[in-house]
Each structure stands twice: as structure tokens, then as C-alpha cells.
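S.K.: Chains as they are written, first to last, in our numbering: chain A, 1 to 176; chain B, 1001 to 1137; chain C, 2001 to 2651.
Heads up, some of the hints might be wrong.
Said to hold, decoys possible - Distance condition first, Cα-Cα at most 30 angstroms in a straight line; then the derived DSSO-like pairs of lysine-lysine:
no.: 1; chain 1: A; residue 1: Lys-26; chain 2: C; residue 2: Lys-2116
no.: 2; chain 1: C; residue 1: Lys-2116; chain 2: B; residue 2: Lys-1103
no.: 3; chain 1: B; residue 1: Lys-1103; chain 2: A; residue 2: Lys-26
no.: 4; chain 1: B; residue 1: Lys-1035; chain 2: B; residue 2: Lys-1103
Bear in mind the hints are in silico, worked out from the structure with no lab data behind them.
These numbers come from a predicted model, not from an experiment.
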Amino acid sequence: MKRRLLLWLPFGLVAALFVVFYAGLKHPDDHVIASRMVGQPLPQFAAAPAFPDRPGAATADFADGKPRLLNVFASWCVPCRDEVPMLVRLRELGAEVDGIAVHDAAPDLRQFLAQYGDPYARIGLDAAGRAQMAFGSAGVPETFVVDGRGRILYQQIGVVTEADVPRLMAMLAGGK
Amino acid sequence: MRALALALVLAAAPLAVQQGPAPDYAEVSLPDPAKEARALALMDSIRCVVCQGQPISGSNADLAGDMRRMIRERIAAGDSPEQVRAWLVGKYGDWVSFKPEVKGETAPLWLVPLLALAGGGWLVSRRLRTRRKQENA
Amino acid sequence: MIAEAGLAALWLGAAMALLQLLLGVLALGGRREFLGPAVAPVAVVQAALVGLAFACLIAVFARSDMSVLLVAANSHSAKPMLYKVAGAWGNHEGSMLLWVTILALAGATIALFERKLRADTRLATLAAQGAIALGFYAFLLFASNPFARIAGVSEGQGLNPLLQDPGLAFHPPTLYLGYVGMSAAFSFAVGALVTRNVGPDFARAMRPWVLGAWVFLTIGITAGSYWAYYTLGWGGWWFWDPVENASLMPWLAATALLHSVTVLATRDGLRAWTIMLSVLAFSMSMVGTFLVRSGILTSVHSFAVDPERGVFILALLAIYIGGALALFAARIATVSEGNRFDLVSREAALVVNNLILSVMLVVVMAGTLYPLILEAATGAKISVGAPYYNSVAGPLALALMMLVAAGPLLRWRRDAPRLVLDRMALALVAGAAALLLLALFARNTGVLPLLGLVAAAVVGVASLAPLWQRRLSRTPLFTWGMVLAHLGCAVSLAGMASDSAFTVENMTTARAGETRSVGPFAVRLEGVRERPGPNYQALEAVLAVTRASGQPFTMMPQLHQFTDPPMTTNQAAIATFWNGQLYITLGEDTDGTTFLLRMWWKPFVTLIWVGGALIALGGALSLLGRVRRDWWGNRWPWAARRAGAPAEAAA
Chain A
1 MKRRLLLWLP FGLVAALFVV FYAGLKHPDD HVIASRMVGQ PLPQFAAAPA FPDRPGAATA
61 DFADGKPRLL NVFASWCVPC RDEVPMLVRL RELGAEVDGI AVHDAAPDLR QFLAQYGDPY
121 ARIGLDAAGR AQMAFGSAGV PETFVVDGRG RILYQQIGVV TEADVPRLMA MLAGGK
Chain B
1001 MRALALALVL AAAPLAVQQG PAPDYAEVSL PDPAKEARAL ALMDSIRCVV CQGQPISGSN
1061 ADLAGDMRRM IRERIAAGDS PEQVRAWLVG KYGDWVSFKP EVKGETAPLW LVPLLALAGG
1121 GWLVSRRLRT RRKQENA
Chain C
2001 MIAEAGLAAL WLGAAMALLQ LLLGVLALGG RREFLGPAVA PVAVVQAALV GLAFACLIAV
2061 FARSDMSVLL VAANSHSAKP MLYKVAGAWG NHEGSMLLWV TILALAGATI ALFERKLRAD
2121 TRLATLAAQG AIALGFYAFL LFASNPFARI AGVSEGQGLN PLLQDPGLAF HPPTLYLGYV
2181 GMSAAFSFAV GALVTRNVGP DFARAMRPWV LGAWVFLTIG ITAGSYWAYY TLGWGGWWFW
2241 DPVENASLMP WLAATALLHS VTVLATRDGL RAWTIMLSVL AFSMSMVGTF LVRSGILTSV
2301 HSFAVDPERG VFILALLAIY IGGALALFAA RIATVSEGNR FDLVSREAAL VVNNLILSVM
2361 LVVVMAGTLY PLILEAATGA KISVGAPYYN SVAGPLALAL MMLVAAGPLL RWRRDAPRLV
2421 LDRMALALVA GAAALLLLAL FARNTGVLPL LGLVAAAVVG VASLAPLWQR RLSRTPLFTW
2481 GMVLAHLGCA VSLAGMASDS AFTVENMTTA RAGETRSVGP FAVRLEGVRE RPGPNYQALE
2541 AVLAVTRASG QPFTMMPQLH QFTDPPMTTN QAAIATFWNG QLYITLGEDT DGTTFLLRMW
2601 WKPFVTLIWV GGALIALGGA LSLLGRVRRD WWGNRWPWAA RRAGAPAEAA A
């Protein structure tokens, strides 16, 4: 009897493995690495101002009791263009949208903003990806919802679509 | 007067030492070979979050370069590789580290081979013992 | 026209496979033995037909026939001819056709050359091979048609620049000959189980196929490693990528099988283990093909395929592997047990050898599949890479090396520990000497590389031991093969450990005229210029390199910029010396006048692949020796007696 069990063990193990494979096929890898900073206080970062007439973004600016959206973007990022109208809409609805431009330069940014829209109250340049890494952001565009006490409430990976606007507004309202 | 001259020279000294632009540690080795070796070993075991499974030591992606730079700067400043790894895992999760942490949910990684070794060893010993018993009988 | 001919040949080949299976089953069933002799010719015809189909695929690629969807999606008329042809298997459908072609080829060689096996076992083997082929034909014809047409395309999308390398012409075919060649062992095992013929005859019959497939697998893996090393531009030669692991697992199983088959052939022991390993080796090949083509794991090797095809392959796997394992469980108990053996004996060493190889296989499988399992179970994402494998499989590999050293020196049946140590004395002295040298001159070598180098010394000397006290001209070819293969293991290990322990790197920026250093070399950047290539634009750096006080020589690393598809690749400049390689790549410039140079001095790194080649050569010699003996023995029995070779079990 014991030998019987032993002989059928490989079959059993393989069958179990195939169940896992099947499950894996049904839920294919989404290749998305979400940030672990959601729920954590804002990390230490400082992105120098992109333009002389607009402040940059740093940790110290974010603990003033006002919840805001932090948008990680770049002028060379094609999908980022699609979400600018939504960010403008969010600003019109009363949200403050701050931007961190990764691997970018002021002239390209100026052209991007002129061409697609400008929702940003602050824009910081993140030349070496330090702010991006501090946030656990893995790509552009991503948008973080930060509450009034400087905690990260939510990470939106990918473009902000029309459907996301009410949800983000609700989170900002709840984060006072 | 001499004191003022001395003070001026001392003040000018840092300006005189400054040379070309600071090296970009995303692409340039650290001057200290021991630190560079530690940094490289760490880079080989951190996964690039925007690639197809490469470590950041083998990727041309921007973010991989940013991570390499950050690692070299931190190790040059005195952090240990494990501290830097922990920082990255705190930001991106376990997925970013090729060295799986030994904890409850990863225990099978070590238990399964151990069980295989023990089980296989037992199977093998069954084939051996009987012969010896026959010999001794 | 050619594409249609290829598709027709493929359908006919599938029909032949079905016929092969049916005839075999009917002939074995009992009352229709007269159908038996028809099975072998059918297998040969099947191979001819699918070979024709493959030739048609090559033809449409060579002619850049853009009306064939596969060519339009993966080729480009501006490509050099070599890559047009090799591009035929640089994609999912084409490589699947290659898979099926080799499957049919394996069946045909069994049909043509296997003579000694009992007739019914041979029939069952061919029927099993036909059954396996049938499933994959179905997958090709219904889910991955390589000959599908497309209208209105004038130019192709091009081949991935990383694949535009002689490596593509070499690595997949040899690898597939290995992977898919293992199907022969699988079929032999199924045939033996079905006809209850698991014994020395079966093992002797199977051995050449196991050896042949194993040799090709070794070559394929070694070639792939070297290709990745020089083409990716970072000096790495193994990445524990899921697909690489998927080629290592069959190799580990096949190596264990190789040794197990010898025990079964000469001592009639390890019956169950031999059958299990035969099933396992090809099962690992099939699992590998599933992993690459289903999109279930992220890998640089993955073909872009959809999960539906993955389900198809999974179903095939379930049928074949599940079927074989169920057959094993049901039948193996009725196959009488083989002989048992003493603790200190060659059989025991081979058994422990198999055990360690199997555990290493489990380690690689665990590391590759556990992230998938964990994510399916809890959603948690982890990564498993080199640190895990090195720490777990490393010690196992070292223990294995000790067996490689001692095993060939052990007598069959029973031996005494004292005598074994005596025979190993010289090898152990070599190991101690290596340890001393390293302790004196390479103080900060890591533990694992240090042990690796010591083990390499021990195994290197011990592998030659079977040749001592023999007349070399009378030593059988398969003994030479064993010696060479084991020596190759030592050489490869020495290369791996040396690369780990002694590599020196320097990554730096330089302007024209500046000199940098790495290891014992001084590298001066003379200048950087542009050069057009056949389908790319290259940036080439001219470097004047001097070693100590020697003559300067030139190295020219390049950066290739492709347009179809847009991509940049590195062409590393490698200078090979007797004691290592200088490896330099050019990085994108930071400001037009400053360039990045990544430089490595890798002492003895070439030993890794030289060792791999030696292992394959040893296997080939063994195969030649066995085949020659069998053929001489069969055709000219008097010649076998003259060669004075009674069944030399000690080999």
C-alpha cells in the first residue's frame, strides 16, 4: 500500500503543478510593479524648480494640511499627453496638481505645457530619478494622492482617464 | 595683514581643488575597489522594474541607471549593501530583489529541496541496507 | 506555392504519425501482428514529409516571400541571407515546426537503426513517438500554422537585432536536437513499460539516443551561454532566466539518466529510476516549451504568444506527462526489482550521483516555478535569482563534483574505502595544493569560488586516473569519452569559479586621447567614428590596448543602431589570451565627445565553454565507441572478438 502511494506521488505532484499552470494562464502576469509607499508618509525628496517663476516640489512643501495630487510625468512620455486634459479638469474642480518631471529639461517642458496644457501648481525636475525612486514609482505616468498630513493615500499607475476623475476627487476630499 | 592673506588662500583652496564635472555613478565605477565590488554584487541581484527579468547591472533602461547611481552613491557614503537592498524593497516590494528573503511565505524554496534530498536519500538507503543485511546474515 | 506545398507535407506528416500510432497499437493488441513491420517505414516516411515541410519554410524565408504571414512578421529583405534562413526558427511557429521535425527525425532513426530491442518493445516505442508527434502536429496545424498567408505586405517587420548573429544559426537547432531528442528516451520508456521489458537490453538499446541527445543539449546550452556572453554586452554568461532554467532541467535529468542507463545496462539495477528519469527529461523539455510560449513567465526568451495557445500546450503536456506517470505507477510494480548493491561501490556512487542531480533539478524547478505558484496563491510577487541558486545548488554541485572524482575509481559491486582513498591520493594532493596556492595568493576569494577551484583541481586530476595503468591504445573509446567528459566538468567549473573570483572591471568615461586601465591593461581611446552596416548604423571606438610592456593591439567595440525594428545593440570587443579575456563595450556618449567604456578583465573565463565543449566531445566519443562496437558486433561478429572486447562492464 505504501509503495502504491509512493508510485502515484509523482503523478499527484504533476497534477497539482498543472492546476497552478492553468491558474497562471488565466491570470497572466500584468508586469505592473506597484509602489510600497501607499499608506506610508511622504518620502524625503527634493525636485528643483523647472522654471524660475514656479516653485519646485519637495517634502517640506507637502505638510501644510492640504491634500494634493502628485503627477510623475515627462515631456518625452507619449501617454502623458493623453492625461493632461484630465489633470486640467481636476485642477478646475479645485484639486492642486503638482508635477515631477523625470529625466527632463525646461525647454522641452515648456513646449509640452504649451502644446498639451498646464495643470501644475508646482513642477520639479527629477534629473537622476531620485524622487521617482523615493516614491517607488516604476514608470510614467503615475499619479499619487497625498493627504493633508503628508501621507500617500493611493497610486494611480498609468494615465488618468475620465472615469478616474471622480474617484480622485473623492479621495482628495476625504484626505483633509 | 598676513593673517588676512592666509585666510584668503585657505578660502580659495576648495575652489582650486575642484576639477571637471562629478562622475555619473550610473556608468562609472567607484574609485575604491572593495566598495565597487560590493556595489556590483548588489546591482547583480536587484531586478530592473521596467525590463524583462534582467538585473539592473545588465540593462540600458533609464531607471536601471538611476538605481545603479543611487547604489554606488550610497555605498560610497558608507551604507551596507543590505541596507540599500532593504530600502529598495521598501519602495518596490520583494519583486525587486533577486535574493528571496527567508520568511514564512518563501519557506518552500528551501524546504522543498530539503524534503527532496531527505526523501531521495531514504529511497536510496532502502536499496543499500537489504544487501548488507543479506551479507551479514 | 511553396508555402502550400509545405502545409500539405505537414498534413501528410500528421497523417503518417496517426498511422504510426494506430498500426503500432493494433499490432501490439494481439491479433494483427502482420501490421508490425509497416510501422518502421511509416515513421521514416513521416520524417521525410515533415522534413520537406521544414525545407519549404526555409525556402520562403530565403526568398523573403512577404505573402507568407510569418515571413512578413519576422523577416526583412535587407537582411543577410544567413539571418533570413536562421530567422525561420527565430519565432514561435517556425521553431515549433523545427521541434516537430526533430521529433519525427528521432522516430525515424529509431526505426532505421534500432535492431537489438525486442520487436514488441520497438513497436511500442515507435507508436509512443507517433503519439507524441501527433499532439504537436495538431498544435501546429490548428493553432500555429507557419504557412498562413497574408495579402498586401511589401516589406517585413524585420528580425530582432539581438538575434541577427551566427548564434541564431547554431544555438536553437542544437538545443532542439537535444531537447527533442530526449523524446526518444521518453518513448523507449513508455514502450518498455507497456511491454514490460525494463531490463539491460532495453537500457543498451536506449543508450545511444540518450547520449546523442545529451551531447546536442550540452552543445546547445554551451553555445547559448557564449552567445549571450558576447552579444548582451555585460559580460554575464548565465542569468537563471526561466527559459535558461528550462534548458538546464532536461540537461540535469539527462545527465542522471545517462549514468542510470549504464547501471541498468551493466548491472540490471535502478530500473524504476531509469524509467522515471527518461520520462522526466523529456517532460522537462515540454515544460520548457510551455513556459516560453504561453506568456506565463517574464523572460527575454519568450515568444509573443497568447494564453490560448498556452492552454493547448498545457493540455498536451497533461496528456503526455500524466499518461506516462500513470503508466509508470500502474506498471512499475510488476516489473521485477533489479539487483541491490553495497554502500561503497560504483553502483552506489552512481545512485547518489543521480540523487544529487535530481535534487539540483528540484532546486532549479523550485526557483523557477515558486514565484508563479506564490503569485497564484496569494498575489505576492517575489523574484528568485542567482543568490538563491548559488547558495542552494552550489553546495550540491560541489558534493556532486566529489562523486565525479571518486566514482570512476570505484569498483562495481563492492569496494573498500581505504583502497578508494589510495586511488584518489594524487587528486586530493592536487586539491590541497590548489587550496594552498589560493590561500597564499588570492586571500579574498569568496568561499564558493574557492571551493569550486579546489574541487576543479581534484576532479581534473581524478578524471584522468582511469587512464593510468592502462595501455592507452587498447583503451576503449567510451572510456576516453568518460575521461574527457569528466575532465570537461572540472575545466568548466574552474572557469566559472575563476570568473567569479578574479574578474576585474572598470566602468569609466573617456575622451579621445585619454587612457584608462583595467587589470594589467592600459586602454587608450584613439577616437570614435561612424560606420554604416548592412541594416544598421554603427558607432565604432578605436582603442589601442597594451598589456604590461607589450605591443599595443587594437580593439574596436561598436554600438549598432537599427531602424527595423528600432533598437540599439552592443558589439563587445573581446581579446582572448591564454589566461583570460579582455571584454570592452562602448556606451552611448554623454555629450558628443565623452564616451562610456565598460571594461572587464576576466581571467580564465573561456574555460567555461571549453569545458562544455569537452563534455560534449566526451559524450560524442562515448557514443561513437558504443555505436561502433554494436555495429561491428552485429555485422561482423568475428571483428568484435578480435578487438578483444568482452562486455567490459567496468567502462
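S.K.: Run every hint past the structure and note whether it holds.
M.R.: Quick rundown of the hints versus the structure:
1. Lys-26/A <-> Lys-2116/C: 47 angstroms, violated
2. Lys-2116/C <-> Lys-1103/B: At roughly 54 angstroms apart (the allowed maximum being 30 angstroms), Lys-1103/B and Lys-2116/C break the hint.
3. Lys-1103/B <-> Lys-26/A: Cα-Cα ~28 angstroms, so holds.
4. Lys-1035/B <-> Lys-1103/B: Given pair Lys-1035/B, Lys-1103/B holds - Cα atoms ~29 angstroms apart, limit 30 angstroms.
The earlier numbered hints that this structure contradicts are 1, 2.
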